[in-house]
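Please construct the entire structure, taking both the sequences and the accompanying hints into account.
Chains F and H, in that order, are what the protein sequence lines are. Read in order, the letters of the first sequence are residues 13 to 352 in my numbering. Read in order, the letters of the second sequence are residues 99 to 390 in my numbering.
I should point out that these hints are in silico values taken from the structure, not numbers from a laboratory. Model, not experiment: these values are computed from the prediction. A few of these clues could be false.
[Stated by the list, open to error] Below, a sample of chain F positions facing chain H; criterion: calculated Cβ distance under 7 angstroms:
{"id": "1", "residue": "L129"}
{"id": "2", "residue": "Q294"}
{"id": "3", "residue": "I296"}
{"id": "4", "residue": "I303"}
{"id": "5", "residue": "G306"}
{"id": "6", "residue": "L309"}
[Claimed, not checked] Pulled from the structure, derived: some chain H residues nowhere near chain F, Cβ distances all over 10 angstroms:
{"id": "7", "residue": "G186"}
{"id": "8", "residue": "G230"}
{"id": "9", "residue": "R306"}
[Said to hold, decoys possible] Some but not every residue of chain F turned toward chain H, in silico, with C-beta under 10 angstroms:
{"id": "10", "residue": "V95"}
{"id": "11", "residue": "L101"}
{"id": "12", "residue": "A132"}
{"id": "13", "residue": "G219"}
{"id": "14", "residue": "I304"}
{"id": "15", "residue": "I310"}
Where a beta carbon is used, it is the ideal one built from N, C-alpha and C, also for glycine.
What follows is each chain in one-letter form.
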Amino acid sequence: MNRISAVLSGPVAARSARFAFVVLLFVLPFVQPPDRNFQLTMVFVYSVAILGLTVLTGASGQISLAQATFLGIGAYCAGVTTVVWKWPLWAGLVAAAVVPFVVGYLVGVLAARLNGLYLALVTVTIAIVFIPLVKRFDGLTGGANGLVVPQPQPPAGLGLATDQWHYLIVLVLTLACWRIGRGILGGRVGRALYASQDNALVAVAMGVDVPFVKATAFAWCGGLAGVAGGMYVIAVGFLSPESFSLLLSVGLLAGMAVGGVGRAAGAVLGAVYIQFVPVYTQEISSSLAGIIYGASLILVILLLPGGLASVPRLLRVDVRASRPDIHPQAGERPREAADG
Amino acid sequence: MLFLQQITDGVATGAIYASIGLALVLIFRSTGIANFAQGEMAMFSTFVAWQLIAWGLPVPVAALVAVAFAFVVGAATERFVVRPAEGGSHLNTVILTFGLYLVFNEFAALIWHSTPLSFPTLAPERVWSVGGWRMTSSMVVMVGALVVESLAVYLLLRRTTLGLWMRASAANPESSALVGIDVKRMLMLGWGLAGVFGAIAGILIAPRVFLEPNMMSGILLYAFAAVILGGLDSVLGAVVGGVLIGVIENLVGTYVTVIGPDLKVVVPLVVIVLVLMLRPAGLFGAVERVRV
Numbered sequence: 013m014n015r016i017s018a019v020l021s022g023p024v025a026a027r028s029a030r031f032a033f034v035v036l037l038f039v040l041p042f043v044q045p046p047d048r049n050f051q052l053t054m055v056f057v058y059s060v061a062i063l064g065l066t067v068l069t070g071a072s073g074q075i076s077l078a079q080a081t082f083l084g085i086g087a088y089c090a091g092v093t094t095v096v097w098k099w100p101l102w103a104g105l106v107a108a109a110v111v112p113f114v115v116g117y118l119v120g121v122l123a124a125r126l127n128g129l130y131l132a133l134v135t136v137t138i139a140i141v142f143i144p145l146v147k148r149f150d151g152l153t154g155g156a157n158g159l160v161v162p163q164p165q166p167p168a169g170l171g172l173a174t175d176q177w178h179y180l181i182v183l184v185l186t187l188a189c190w191r192i193g194r195g196i197l198g199g200r201v202g203r204a205l206y207a208s209q210d211n212a213l214v215a216v217a218m219g220v221d222v223p224f225v226k227a228t229a230f231a232w233c234g235g236l237a238g239v240a241g242g243m244y245v246i247a248v249g250f251l252s253p254e255s256f257s258l259l260l261s262v263g264l265l266a267g268m269a270v271g272g273v274g275r276a277a278g279a280v281l282g283a284v285y286i287q288f289v290p291v292y293t294q295e296i297s298s299s300l301a302g303i304i305y306g307a308s309l310i311l312v313i314l315l316l317p318g319g320l321a322s323v324p325r326l327l328r329v330d331v332r333a334s335r336p337d338i339h340p341q342a343g344e345r346p347r348e349a350a351d352g
Numbered sequence: 099m100l101f102l103q104q105i106t107d108g109v110a111t112g113a114i115y116a117s118i119g120l121a122l123v124l125i126f127r128s129t130g131i132a133n134f135a136q137g138e139m140a141m142f143s144t145f146v147a148w149q150l151i152a153w154g155l156p157v158p159v160a161a162l163v164a165v166a167f168a169f170v171v172g173a174a175t176e177r178f179v180v181r182p183a184e185g186g187s188h189l190n191t192v193i194l195t196f197g198l199y200l201v202f203n204e205f206a207a208l209i210w211h212s213t214p215l216s217f218p219t220l221a222p223e224r225v226w227s228v229g230g231w232r233m234t235s236s237m238v239v240m241v242g243a244l245v246v247e248s249l250a251v252y253l254l255l256r257r258t259t260l261g262l263w264m265r266a267s268a269a270n271p272e273s274s275a276l277v278g279i280d281v282k283r284m285l286m287l288g289w290g291l292a293g294v295f296g297a298i299a300g301i302l303i304a305p306r307v308f309l310e311p312n313m314m315s316g317i318l319l320y321a322f323a324a325v326i327l328g329g330l331d332s333v334l335g336a337v338v339g340g341v342l343i344g345v346i347e348n349l350v351g352t353y354v355t356v357i358g359p360d361l362k363v364v365v366p367l368v369v370i371v372l373v374l375m376l377r378p379a380g381l382f383g384a385v386e387r388v389r390v
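Set out below in structure tokens:
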């Protein structure tokens with residue numbers, strides 16, 4: 013009996029639940045309508061961008077208001093290399109990952125010297141400068157008119173529709189990013205990041221090169237956003253500088269806060285949130301989604317600092333606290349026993 | 099002559115940056131946070147002025163009402179959004195102001211839509227020109243407003259009891275509360291005043307840039323560059339920094355052809371990055387020492 017409950021709440025259960033979830037994601041495109049496929053594809057794109065923010069804000073305690081810009085840099089790298097320079101798509105995707113990674117590292121080197129407020133300021137500046145910069149180099153980027161990028165076509169003989177094919181490519185890339193993100197958060201880099209956020213002095217004493225580690229966090233944040241940008245190109249097939257505005261950066265930040273800062277699961281919840289709120293508010297006004305993002309950002313910070321991902325844990329604590337004698341957990345004795 | 103003209107124009111727009119900069123400095127000094135929603139709050143108040151004008155109020159009256167509105171919005175923001183987050187991390191408060199940014203921006207778009215509207219000047223426009231050099235009445239008003247504002251702030255903070263209370267609450271909230279100063283009310287007052295300066299800047303710049311929800315995002319950037327250059331906690335720094343940034347922006351836009359007028363917006367980025375790397379406290383700011 014004890015063993016069963018241990019399995020149900022242990023890592024095995026978590027792993028099989030995750031496996032079942034991934035299987036479900038691979039089945040979904042074949043049973044749902046094309047527009048739903050597109051919406052979920054965008055959820056994957058946002059989830060990877062928010063995962064980058066999770067590494068940056070959750071693990072290393074830094075902030076970036078330029079996540080949409082990094083997404084845009086990745087998207088334009090993929091778009092320009094494949095359209096203007098005729099690179100194959102996979103090479104464009106590599107460029108979409110590498111260039112924002114390097115740019116992120118450079119920003120991170122500067123950022124490691126700044127506290128949150130100045131960092132927010134520098135990243136806001138980057139976000140605002142990006143759009144005129146893209147428009148200025150219109151020979152490459154298509155400027156204000158945008159850039160049409162041919163989307164990958166499904167291989168003949170598989171019988172896949174275009175939306176299903178895009179969904180599957182993006183899903184595979186997303187899972188790879190997820191693997192990387194979990195590796196960063198749970199691995200050596202993640203531990204060094206948490207350490208330098210919690211107590212920089214101790215981290216230094218333990219041999220962590222704090223500025224380098226913080227810059228690395230920015231690099232991963234940028235790189236993940238860049239891959240998300242590459243995926244955006246596959247899903248949307250059209251780039252316009254206005255798509256990567258400061259408003260989207262704040263929206264992604266809201267997604268992270270609503271989902272739950274510092275939790276990998278929070279990135280998915282946040283991505284679902286920012287993709288589906290506009291779907292339901294569009295009929296009333298296209299601005300309503302932004303108001304809801306902003307208001308929810310404020311409310312979550314004031315009322316639910318752990319975001320949606322923390323809700324199950326909060327509920328569990330409540331249940332246990334209200335009925336301590338019915339389900340005594342291993343290693344946790346009822347209060348009366350402890351008193352005696 | 100072109101050079102002189104560029105400097106004059108630069109001083110005029112610089113006065114607007116300085117005005118927003120004053121608002122940022124007032125809030126930073128009292129609460130230690132940068133209000134990224136300052137520009138959007140100014141834009142919102144400017145829309146209120148526009149609406150009142152559209153309903154038939156004379157322009158100066160509409161402007162006054164909008165400025166009063168800005169004071170209320172600023173104070174209410176402190177009371178209902180910033181104060182509940184007190185004691186949390188600064189990162190959270192910074193994120194909060196971005197929440198406000200979105201709310202004000204999209205709310206304006208919801209009410210007044212995103213089509214650029216033209217906004218009248220406070221008084222009918224007059225132009226004086228000597229040789230090739232020209233000067234307009236609205237430029238005079240911009241610079242005049244800045245002079246009045248900075249004098250008012252100086253007198254308030256240095257010459258009145260209220261200003262002394264405000265400075266005390268900013269310097270040491272706990273001790274100020276112990277000697278009987280209502281620290282919370284001082285913070286609300288600071289936010290309200292910041293709203294006023296923002297609204298004045300918005301109303302004065304609106305005839306030049308057209309009124310639309312995103313009109314302030316670029317201007318806020320220049321204002322931030324100005325206060326970083328001058329020092330985030332210095333009133334004098336905000337004024338000097340604002341005028342300097344206005345002039346630099348114009349000269350770079352005119353004479354550095356690689357950048358040109360389209361890409362002037364990289365100027366604040368470069369200024370911010372350079373100042374933060376070389377002298378993070380800015381020209382007039384107090385040097386902050388952190389022990390690690």
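Verification of the hints:
1. L129: Constraint on L129(F) satisfied, holds at 5 angstroms.
2. Q294: violated, 13 angstroms
3. I296: violated, 9 angstroms
4. I303: I303(F) check passes; min Cβ-Cβ to chain H is 5 angstroms, inside 7 angstroms.
5. G306: holds, 3 angstroms
6. L309: L309(F) check passes; min Cβ-Cβ to chain H is 4 angstroms, inside 7 angstroms.
7. G186: violated, 8 angstroms
8. G230: holds, 29 angstroms
9. R306: holds, 18 angstroms
10. V95: violated, 23 angstroms
11. L101: violated, 31 angstroms
12. A132: Since chain H brings a Cβ to about 5 angstroms from A132(F), closer than 10 angstroms, the hint holds.
13. G219: Constraint on G219(F) not satisfied, violated at 15 angstroms.
14. I304: holds, 9 angstroms
15. I310: holds, 4 angstroms
Taken one by one, the earlier hints fail for this structure at numbers 2, 3, 7, 10, 11, 13, listed in ascending order.
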